[in-house]
Each structure stands twice: as structure tokens, then as C-alpha cells.
Amino acid sequence: MRSRDELAAQFENLATDYRDRLMGYLLKRVSFDDAPDLAAATLLTAWRRARVMPTDEEQAFWWLLSIARRTTANYRRGIIRQNALADRLRAVPMSVQPAVDTEAQLVLRDAIAKLSDDDQELVKLVYWDGLPINAAATVLSIGEATARKRMQRARKSLRVTLESEDDQITQRA
Amino acid sequence: MPDIDQLLRESAPEVTLPSSLGPAMAATVRTITSGSRKRTFRQGLQRTGTRFAVGVAALSLGAIALVSSPTWFDSPATTDQANNLIDPNASDFVLVATKLAPTDLPLPDGVALQDAIDQVVDQSKASSAPLVESSIAATYVRYAQCQWMRVWIDKQVTPDVASAALESLGDPGAFVAVDGGGVRRLENHEGTGASPDRNIDMALLRSLFEAECTNGLGDAPKADH
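These protein sequences, in sequence, are chains P and L.
Those letters in the first sequence? Residues 1 to 173, by the UniProt record's numbering.
Those letters in the second sequence? Residues 1 to 225, by the UniProt record's numbering.
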């Protein structure tokens, strides 16, 4: 069993090594103003549950993202609010630029929005956050086989939408 | 036809993080791992206006004990006063959730306030994220909304009765403000809620139910209550 000092050291290393990826995850999903609060709430929850933090650092990051995902879900239900812990993070000038609005991107964005919440998150974890499918499965608390199946289904659905739109553009031309 | 993998990668928003994030994150983490209890103590002291030396000494000893304890995060204390957060995994969380249960929450026949409390406790524990009071109150309202939608879909009540109850609770996408533990004020949450009326399309009602209530909030209460 790890001592409190060992846990604190590991936790601080995790937050240092993966801070950009954690903030990136949040900034791609919530408003710029709310990301610091969610980061603070995620870290607070993670520390409270630090005893179950995986010892492997990469797996610990996936674990941290799974907490960030649940924290973000609570945020969407209006549960998280500003807290003093986030003050320092709020003072950091971060910026987010949405993807360029090409016609294909607009169609793709609509098509992604039509996927189920879980499928959307799976697609984003893999393509936006660069996670391998087994890591995305861990973050979503599902099996790897299930994640692969869902990804296949999501890609098929997105492809059909894009092809259909492509056909319509061709016909209009 | 463009490459879908490439398109998906290009659909990601571009995030720019300055180097000042490093020290800010490190300071935040240090506060969490070592300093939060001290701040709680100071804030609690300011809040209560306690000025007696004996009290200060006693509280200081308590704060030091909490900080130095290797298992401080097992503490049953529910409220993190520094951040006004409630820990749903604290041993006294059920008491807190019960205290926050609105006694005037409109529920269909066969659904008791205790069912709502049980669900709110389960939901809160499942999320494991720290909560604030208004979020717990909002979950009570959401539970009531889901129960009314369930009995409407199952035709256990007439559309008139169900729609009137839902109207009194606000939009399905609404959250509640806490005022004395009761349901007092409802606000539309980012305009996403669809107002239920008695002529609502059942397919829409079902889809609302699927979206909002299949996480347990719409389950019929267990028979043992």
C-alpha cells in the first residue's frame, strides 16, 4: 500500500506531466471560462480517490480522464460552479480555436452531433485527444471490444452522412 | 470522397496553452494535496468569527492533525468549506441528501420522497464528483420529472395530470435554485428544455425520457418502500 507521501508525489507528477492534455481535453469540450473550474474539480476528486490511482503513469492519466469525463457530465447538468481552487488556473491566458469551417467540416460536425453521447465521446477521445482505442475504452469504462464495435458503427454512420452530402453537392453542381 | 480519419482529426479545436499553465497547475495541485485543510480552517474561522484563543488552539491542532494524517481523505466530513463542495462518498452524505430533500416535491402516487432520496444518493455517489447544494436539489427535481414522465408514458395517469405536474416542476432541461430546501424557482437551462404540454407527441416524450431518465432517475421505485 502506498503511503500518503508516495501518493502525493505520484499525483503531483501525474498532474505535471499530463497538465496540457488534461486542459486540452476540457477546453475541447466546455467553454473557455469553465475549463479551469472543471480542472480543479477533477483534480480534487482524483486526489480524494488517489488510493485507487493506477501506478502506471499512462494508465493513471486514463483514470484521470475518466474522472474529468464524469466531472464534465456534472458540469453539463449545472452541477459544478466556480470555486476558489481554480483561481490560479483562471488567470492563465489559454485559447481555443475551433476547427476551420470548411463545408466538409460543417457536415462532419453536424454528423458527430447526431451520434449518441457515448459514441461522440469515443470519437473525440480517439481523434481529438489522440488516445488509443483501449485507453478510450478505459476512460469510458467499457470493454475494448465494445469500444471497437462502437467506433466502427460511429465511423460508418459518419461516412454515410458525408457520402450522402457529397452526392448532394455533386448533384447540385 | 475525403479521408474520414483525416477529417475527424482536423475537426479538433486547436488549444493553445502558455507556459504559465505549469506553475499555476503545480500550485493548484500542491494546494489540493497539502494545503486545502489549512485553508478550510482559516475560512471556517473567518466565517464563524471565532476569536477565542482556546478555540483557535484547539482548531489549529485539529487542522494540523488532518493535514498530517496519511488517510485524511477517508475523513467522513462532508463539506469542503474552502470550495463549498459536498463529497458524495462521505459517510454522512445520506444525512445531507435527506436534509436537502424538498418536502413539497410533487411525486406520482406510489413514489415516496424516500425513493427520491435513495435515487439522489445513488446518482451522486455514482458520479463521485464533488457537488454543491443546488446540484443535489436539481437532481431531486429531475427525479420527479422523470417519475411523472414514466407514469405518463405507462398511462398510469392522464396526460392532464402528468402535464400539470411537469409544468409545476419546470422544463425537463431545467435546474432548480435552492430556497429553504423547497422547490421554489426553476430556470431554463440554456434553453434546451422542451416544455411539456398535454398534447405532446408521445414519441417526443419517450425520447426526452430516454435522454434524461434512463440513468436510473426514471426507474419505478422498488417494492420495499
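Calculated directly from the structure, the hints in this document are not laboratory data.
One or more hints might be untrue.
What the hints assert, rightly or not - Keeping only pairs whose Cα atoms sit at most 20 Å apart, straight-line, the calculated SDA-like set for lysine to any residue is:
#	chain 1	residue 1	chain 2	residue 2
1	P	Lys114	L	Leu7
2	L	Lys125	P	Lys114
3	P	Lys28	L	Lys125
4	P	Lys28	L	Val15
As the list claims (entries may be wrong) - A few chain P residues facing chain L, derived, Cβ under 8 Å:
#	residue
5	Arg88
6	Tyr127
7	Pro132
Stated by the list, open to error - What the simulated footprint calls covered on chain L by chain P, stretch by stretch (three residues with Cβ under 8 Å from a Cβ of chain P suffice, anywhere in the stretch; the number is not a length):
#	stretch
8	18-29
9	93-102
If you're wondering where the values come from, they're calculated on a predicted model, not measured in any experiment.
Heads up, the beta-carbon is just placed ideally off N, CA and C, and yes, glycines get one too.
Verification of the supplied hints:
1. P/Lys114 to L/Leu7: Between P/Lys114 and L/Leu7 the Cα gap is close to 17 Å, so the pair holds against 20 Å.
2. L/Lys125 to P/Lys114: Violated. L/Lys125 to P/Lys114 sits at ~29 Å, over the 20 Å cutoff.
3. P/Lys28 to L/Lys125: violated (26 Å)
4. P/Lys28 to L/Val15: holds (8 Å)
5. Arg88: holds (4 Å)
6. Tyr127: holds (4 Å)
7. Pro132: For P/Pro132, the interface hint is violated, since the closest Cβ of chain L sits about 14 Å away, which is over 8 Å.
8. 18-29: Since 10 is at least three, the answer is holds.
9. 93-102: violated (count 0)
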